[in-house]
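A.B. asks: Since the structure of chain A is already known, use the hints to place chain B on it.
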Amino acid sequence: MTSPLFKKVLVANRGEIACRVMRTLVEMGIASVAIHHRVEARAKHVRLADEAVEIAGDTPVAAHLDIDRIIEAARSTGADAIHPGYGFLSENARFAQAVADAGLTFIGPDAETISLMGDKISARNFAEAHGVPVAPSVMPTGDLDAFIAQAEGIGFPLLIKAAAGGGGKGMSIVRSASQLREAARLASSEAQRYFGDGRVYAETYVERPRHIEVQVLGDGKGGAIHLFERECSVQRRFQKIIEEAPSANLPAKLAADICESAVRLAAAANYKNAGTVEYILGADGRYFFLEMNTRLQVEHPVTEMITGLDLVRCQIEIAAGSGLPLTQAQVTATGHAIECRVCAENPDNDFMPETGVVKYLGVPEEPWLRFENALDQGQKVTADFDPMLAKLVVHGADRAEAVDRSIAALDGLALLGVKTNIDYLARVLDHDAFRDGDLHTGFVAEHKSDLGPLPLDETELVQLLAAAALGFRDFQNLALGTPEPYSAIGGWRN
Amino acid sequence: MAIKLTLDGKIHGVTIARRHPHLVLVIDGVEHEVSSLPALGDGRKSITVGGHEVSFSRASLRDRQIVRMGGRTFDVGVVDPFSQGGAGGSGQDALKAPMPGAVVSVQKRAGDKVARGEAVVTIESMKLQTALPAPRDGVIAKILKGEGETFEKDEIIVTLEPETEKA
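In the order they appear, the protein sequences are chains A and B.
Position 346 of the first sequence, counted from 1, bears residue number 346 in the working numbering, the numbering being contiguous throughout.
Whatever position you read off the second sequence (first residue = 1), add 494 for the working numbering.
So here's chain A without its partners, still in its complex pose (with noise of 0.2 Å):
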């Protein structure tokens, strides 16, 4: 190629995910515009790009969410796209109109696409219209006898829910048909008393569900293809912490066909760039669209590490009008990958979000290893933005080998001065049920009490003291007679 397929690119993010697709810009000889608050001046994605510019907020949020100053910032710096990462404005259809409307490429699907899939209702039935299945339900009538008719045909399970409430108000799981009419009536009389709507509607209950989801790309004019699926079913808080690909021990012609149903999804809204399809699979291997994520995951790495493709690149190539890099026949998968996201929390007081200072940081090599960080030492972490500070993705040849690795990195990784997830992580992996695959959405409040931290043994518990102690540096002085320099800083402190 004897020109880029953009001379410049802002990158509409931060942290990793920006200093990620810098990686690739840089590769393809693209320069690269950074966005930063003012906290953020002296940050990596900062340093790594060849321009930057400060856009003023009230919060270092606020200034990600800036629409009109980031076009501003890259008119004023004459990139020719913008790349939006995952989060921030990266699904917001207002966001990629107005980045068309300055005459620049929005490096991911169109507005409208964005509008379908981002509502909920909307992306369903457009799911449903296109032979994607969606979780059997029966909307409220007026009549109980036929809604009961109706929900006795979808099957049991069934969850009642009420039309228009939220927070379990009005909710029922319902597993028998005897049971059925009563928990009508109930959820009905609770849904008229909580929100003055007494209507309910039945949808299929999914016990144990499993999260997978299918990564796809589209060229905008009805091709798409698929690079396999992940599964994501570890989560904590309603997010996920560990991701991975391919799913564990899904049999080859369900995994088959939940990734060809995202293919029609995605050829059907003439879906163009990379985008994911999340479903929700049940023990019996029903499997229901959940909604389409139109937008680079936190989670690509591991369909890159199984595929060799570098997915920001596929992104350009697509926003650029180069169409899909390959075709299906082409894209194969070889092993295993498992991603842990390094996330500054407390594993031990219900994951809630830690700051500190990255006073150390070591970070184990390996040639099967990615650790995606925008950490330096030194770094504050403060709740300005969302507590994942890394992610640490390894390939290995099998599932088995990709969980054995995983471990051994996070033992060898150490990012200390902040309490992170790090020790957890490696206790999940290390779960017989997470060896097994036996995997939910529900396993980490499900094994809730095997996860819990080790206790030390007498021999690791004077190791552990030894070496505390010899950190604190007179004790050090004291005990092993370090030369001047360091004794004549003295101060007990340090």
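Be aware that a few hints might be false.
Unchecked claim - Computed list of lysine to any residue pairs in SDA-like fashion (alpha-carbon distance at most 25 Å, straight line):
#: 1; chain 1: A; residue 1: 359; chain 2: B; residue 2: 571
#: 2; chain 1: B; residue 1: 590; chain 2: B; residue 2: 655
#: 3; chain 1: B; residue 1: 504; chain 2: A; residue 2: 355
#: 4; chain 1: A; residue 1: 221; chain 2: A; residue 2: 115
#: 5; chain 1: A; residue 1: 359; chain 2: B; residue 2: 567
#: 6; chain 1: B; residue 1: 539; chain 2: A; residue 2: 477
#: 7; chain 1: A; residue 1: 44; chain 2: A; residue 2: 367
#: 8; chain 1: B; residue 1: 636; chain 2: B; residue 2: 600
#: 9; chain 1: B; residue 1: 504; chain 2: A; residue 2: 451
#: 10; chain 1: A; residue 1: 380; chain 2: B; residue 2: 537
Claimed, not checked - Per the computed footprint, the stretches of chain A lying under chain B, defined by three or more beta-carbons under 8 Å from a beta-carbon of chain B, are:
#: 11; stretch: 417-431
#: 12; stretch: 463-474
Unchecked claim - Partner residues aside, some chain B positions facing chain A, computed with beta carbon under 7 Å:
#: 13; residue: 495
#: 14; residue: 506
#: 15; residue: 508
#: 16; residue: 526
#: 17; residue: 541
#: 18; residue: 543
#: 19; residue: 551
#: 20; residue: 554
#: 21; residue: 559
#: 22; residue: 560
Honestly, the hints are just simulated from the structure, not real lab data.
Where a beta carbon is used, it is the ideal one built from N, C-alpha and C, also for glycine.
C.D. replies: Using the frame of chain A, we list chain B on its own:
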């Protein structure tokens, strides 16, 4: 020198028993030979305790050490009983008791030269033995509490000869 460390709400004592011929630390009342090995290339450190080698990484915060060892991360705090008495440098002419207790042994005699941080007496408080270090380089003036004698918090146990101004 001794420090008290806290881990998960429990207090642990670490005392330098002797440095020669090998470093021996008294950890929770039990002696352990400890040696520090050259740092590993990847930034990790390594020590042997009782002949067993263990590698770890460590970060120092103001009054805490974060130690990562065996794939687990620990937050070890320090309870620093003599920092009030020991951190002053010059002008520190007395060793005060950090807490009520009794003298177990006396390592120095009046007239002995001591270096800052060197153990002068060993005391026991709340079943924890602690060596009291010299607050500065100097010469022992008086030992006010001998073996077996008890004392209250902040009572003076040893005094140093006043410091002479350097020319």
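A.B. asks: All hints are to be evaluated individually against the structure, with a verdict given for each.
C.D. replies: Comparing the hints with the structure gives:
1. Between the alpha carbons of residue 359 (chain A) and residue 571 (chain B) the distance comes to roughly 16 Å, so the proposed pair stays at or under 25 Å and holds.
2. Restraint check for residue 590 (chain B) and residue 655 (chain B): the C-alpha separation of about 15 Å stays at or below 25 Å, so the hint holds.
3. Straight-line distance between C-alpha atoms of residue 504 (chain B) and residue 355 (chain A) comes to about 24 Å, which keeps the hinted pair within the 25 Å bound.
4. As the CA atoms of residue 221 (chain A) and residue 115 (chain A) are separated by approximately 18 Å, the hinted pair is consistent with the 25 Å bound.
5. Using a Cα cut-off of 25 Å, the hinted pair residue 359 (chain A) and residue 567 (chain B) holds, with the two alpha carbons roughly 14 Å apart.
6. Annotation: proposed proximity of residue 539 (chain B) to residue 477 (chain A) holds, straight-line Cα distance about 16 Å (limit 25 Å).
7. A hinted pair counts as satisfied when its Cα atoms are at most 25 Å apart, and residue 44 (chain A) with residue 367 (chain A) qualifies at roughly 23 Å.
8. For the suggested pair residue 636 (chain B) and residue 600 (chain B), the alpha carbons sit about 12 Å apart, so the restraint of at most 25 Å is met.
9. Distance hint between residue 504 (chain B) and residue 451 (chain A) is fulfilled; the C-alpha atoms sit about 22 Å from each other, no more than 25 Å.
10. For the hint pairing residue 380 (chain A) with residue 537 (chain B), the CA-to-CA distance comes to about 21 Å; that is within 25 Å, so the pair holds.
11. Taking a C-beta to C-beta cut-off of 8 Å, the stretch 417-431 of chain A contributes 6 residues in contact with chain B, enough for the three needed, and the coverage statement holds.
12. Figure legend: the stretch 463-474 of chain A, annotated as covered by chain B; annotation consistent (12 residues with Cβ-Cβ distances under 8 Å, at least 3 required).
13. At a threshold of 7 Å, the smallest CB-CB gap from residue 495 (chain B) to chain A is about 5 Å, leaving the interface hint in force.
14. For residue 506 (chain B), the interface hint holds, the least distance from its beta-carbon to any beta-carbon of chain A being 5 Å, beneath 7 Å.
15. Nearest Cβ of chain A to the Cβ of residue 508 (chain B): about 4 Å, under the 7 Å cut. The hint holds.
16. Interface restraint check: residue 526 (chain B) against chain A, minimum CB-CB distance 6 Å, threshold 7 Å, status holds.
17. At about 6 Å, the closest approach between the beta carbon of residue 541 (chain B) and any beta carbon in chain A falls short of 7 Å, and the interface hint on this residue holds.
18. Here the hint on residue 543 (chain B) is kept, as its CB sits about 5 Å from the closest CB of chain A, short of 7 Å.
19. The restraint placing residue 551 (chain B) at the interface with chain A holds, with a minimum CB-CB distance near 4 Å, inside the 7 Å limit.
20. Because the beta carbon of residue 554 (chain B) sits about 5 Å from the nearest beta carbon in chain A, less than 7 Å, this interface hint is met.
21. Interface hint status for residue 559 (chain B): upheld, as the beta-carbon distance to the closest one in chain A is roughly 4 Å, under 7 Å.
22. Interface hint at residue 560 (chain B): satisfied, since its Cβ lies 4 Å from the closest Cβ of chain A, which is below the 7 Å cut-off.
Checked against the numbered hints listed earlier, the structure breaks none of them; every hint is satisfied.
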